[in-house]
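K.L.:
Residue numbers (the working numbering), protein chains in the order written: chain A, 548 to 867; chain B, 548 to 867.
Think of the hints as simulated: they come from the structure by calculation, not from any bench.
Each hint can be trusted.
No copy is singled out in the list; a pair is fine if it fits within one copy or between any two copies.
Keeping only pairs whose Cα atoms sit at most 30 angstroms apart, straight-line, the calculated DSSO-like set for lysine-lysine is:
(1) K782 x K553
(2) K730 x K644
(3) K662 x K864
(4) K553 x K730
(5) K761 x K782
(6) K864 x K553
Computed from a prediction, not measured in an experiment: that's the story for all the values here.
Next come the chains, spelled out residue by residue.
Protein chains: 2
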Amino acid sequence: MTDLPKHVEIHEEGPREGFQIEPGPISTADKIRVIEALAETGLSHIQACSFVSPRIVPGWADAEDVVAGFTPKEGVDYTALWFNASGLNRALVFRNKLSITGSIALCASDAFTQKNLHRSHADNVEAMKKQTALHLENNVAVPRIGVMAAFGCNYQGDVAPAEVIRTLEDGLAIAAEAGAEIKYFSLADTMGWATPMRIERGIGEVRSRWPDMKIALHLHDTRGLAIANAHAALKLGVTQFDSTVGGLGGCPFAGQPLAAGNICTEELVLLCEEMGIDTGIDLDALIEVGRMAEVIVGHVLPSELVHAGSLDAFRRKAAA
Amino acid sequence: MTDLPKHVEIHEEGPREGFQIEPGPISTADKIRVIEALAETGLSHIQACSFVSPRIVPGWADAEDVVAGFTPKEGVDYTALWFNASGLNRALVFRNKLSITGSIALCASDAFTQKNLHRSHADNVEAMKKQTALHLENNVAVPRIGVMAAFGCNYQGDVAPAEVIRTLEDGLAIAAEAGAEIKYFSLADTMGWATPMRIERGIGEVRSRWPDMKIALHLHDTRGLAIANAHAALKLGVTQFDSTVGGLGGCPFAGQPLAAGNICTEELVLLCEEMGIDTGIDLDALIEVGRMAEVIVGHVLPSELVHAGSLDAFRRKAAA
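Just need the whole structure built from these sequences, with the hints factored in.
P.N.:
Here you go:
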């Protein structure tokens, strides 16, 4: 009936996305508690922190303490985010605990590059060349090209698939020059411009150009369409998604202080599991982590499912 | 590429669903303000109130004042809800202002019928026979069979399409006996059990049985999947949806006090318009009503779009 994949790989970014944005302060112990609880749900990829300037992102001033503090679970890949040499060096200290890989991070919207990074696309390409070389010098593989604003931009408007393809070509040129082996593209709907139709077209055109490249999606629920977009992507056979427990996160840098964050992990898992797609995740355990996160941040999170409970929980009650 | 319809008819139920559930108190004047503002957005169907027992639903004790108070806009159908002879009589007073039609309201889950109406399905069928006769005696057409819990039930678990079909057969038998001409079926995902796959199967099986009957959907966002379900339905050519501005409403009767309400009108309109499906609705005007409703109820509503703003608003800014 459909081309639904058998298994989907979910990369949990709740700790990193959420704790950087929440006004907090959130204690190091609470961050560790969430990371450890997430690992117990069956998630295989957890982004644990951001090695960024504590001046710009005070919520991650304790990144070292968090990474040093959590007890890793076997079989789980813990990742981190950084944007420069200083961040990379901080991450490399934890080489034995974190899965350290680099990314060529570009943006399909020049206006957003300017607003977000205060540089032109050309300057960003130069910066990424240097960063990619730096990664490889440090024996850090760079398997990923990430494209932000891949479906539209609050500052530029619609973003055509051709602009995404041009951006990916720039990324591949950077990789080729540096000798990095790209394993997948990650398309980000940074400001919530995607619709199922734009997902179909965007992924369709990228696939036509690079039929064998794996595509991952990073969806935001800024305008409430993330789960419909994920469903459209699942039907196209997309098998890797970033998401955040409880819908932690947000988009404070895009001029929308109240805007929702990433697609909610629980709802993505519900969608997958109810459609027969395995995620390896225990949804009820994950919902409990969402509830824990809600208590920790001290306000209601966007996840509806966290408030309603899973279907399986009600099935068990009904059968009892 | 798809079977998307050209036009979709959206029945706004925010006033009725929202104001019955909000702890309030919400003033009669504010209710009228929302109803009048909704009519200015291009919505053609607005459910204005519920004629129910003020003891059970204190939020609608002022139903008469609200209906008497709003100035109707030409071309807009204003409807109301009632459950018994007393409610019908109250509605009939406003025959010249409201569009008064009846419904045969059944439930695909016996457990929910028992919990919600405190009677068995058989007793509910008897009650609906009497109510249908009463409607027709009062020259009130009964064009609709509504099926609650059509995709699953918190008290019973999964609901198979065969149970929906059996329920619809009961409804058609009631209609035939009374001489009511049924124009459409309305399938309600009362407790948020639908998934895109269950939408496809449920609608598919009902359509196989009654190929010429129009099907409308009443979706709840209890577990965050409503917009994905709406998208699946649009692809099947479903052209009529109930929804609520801001996502007003909830499901207090189903044991989920924190659960989300109906699918949000703004997000449904965004999905439709961005996919080239006409709704006749001015999305930016509707978002303003969502913001007004949020101020009136005094808390954040589930709509993400109300907080983020429409894509067209950002397109205009980007182009300026």
